[in-house]
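Enquirer: Sequence:
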Amino acid sequence: MPRTPSRATAEQRQFAQQLRQDQTDCEGRLWQHLRNRQLAGCKFRRQFPCPPYVLDFYCAELKLAIELDGGQHFTDEALRRDAQRSEHLQTLGIRVIRFSNLEVLRQLPEVLGEVLRQLEGTTPHPGPLPKGARG
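Numbering (the UniProt record's numbering), first residue to last: 1 to 135.
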């Protein structure tokens, strides 16, 4: 059974807040389409702390993370770290999809289409039963 993400420390939450304030142009561009449940009615959070990482965008309801990769992500070492990060998140039951900044800038409709396909191909995790209800 997948583990749930551990709680973020105050320092991690502060770091995530700073990342939100210093978002890249690509993050801002994608966020304009993800915020306020605009895509499939799903709530996304940006720069979401999921120790030891901070996810660029995260839909908790469907356990879907979206990561945007700038040029620094394409070295052998960075690709290895990104693979380890994705594996760790998968052990928590979180699916990860990645896009390059260039894809967001040049192919935003296609990026949004892929995110939508991922969202529609996932059923939400059931919430707890209402008080007094039986399963």
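Simulated from the structure, these hints should not be mistaken for lab results.
Ideal Cβ placement from N, Cα and C applies to all residues, glycine included.
Just to be clear, a hint being listed does not mean it is correct.
Pairwise CB distance ranges, derived in the manner of DEER restraints [to be verified]:
| hint | residue 1 | residue 2 | range |
| --- | --- | --- | --- |
| 1 | 75 | 7 | 16 to 22 Å |
| 2 | 29 | 78 | 19 to 25 Å |
| 3 | 75 | 120 | 32 to 38 Å |
| 4 | 107 | 9 | 35 to 41 Å |
| 5 | 29 | 79 | 22 to 28 Å |
| 6 | 51 | 31 | 20 to 26 Å |
| 7 | 106 | 7 | 22 to 28 Å |
| 8 | 61 | 112 | 14 to 20 Å |
| 9 | 18 | 82 | 33 to 39 Å |
| 10 | 11 | 120 | 32 to 38 Å |
Enquirer: Mind listing which of the numbered hints don't hold for this structure, in increasing order?
Expert: When the structure is compared with the hints, numbers 1, 7, 9 turn out to be violated.
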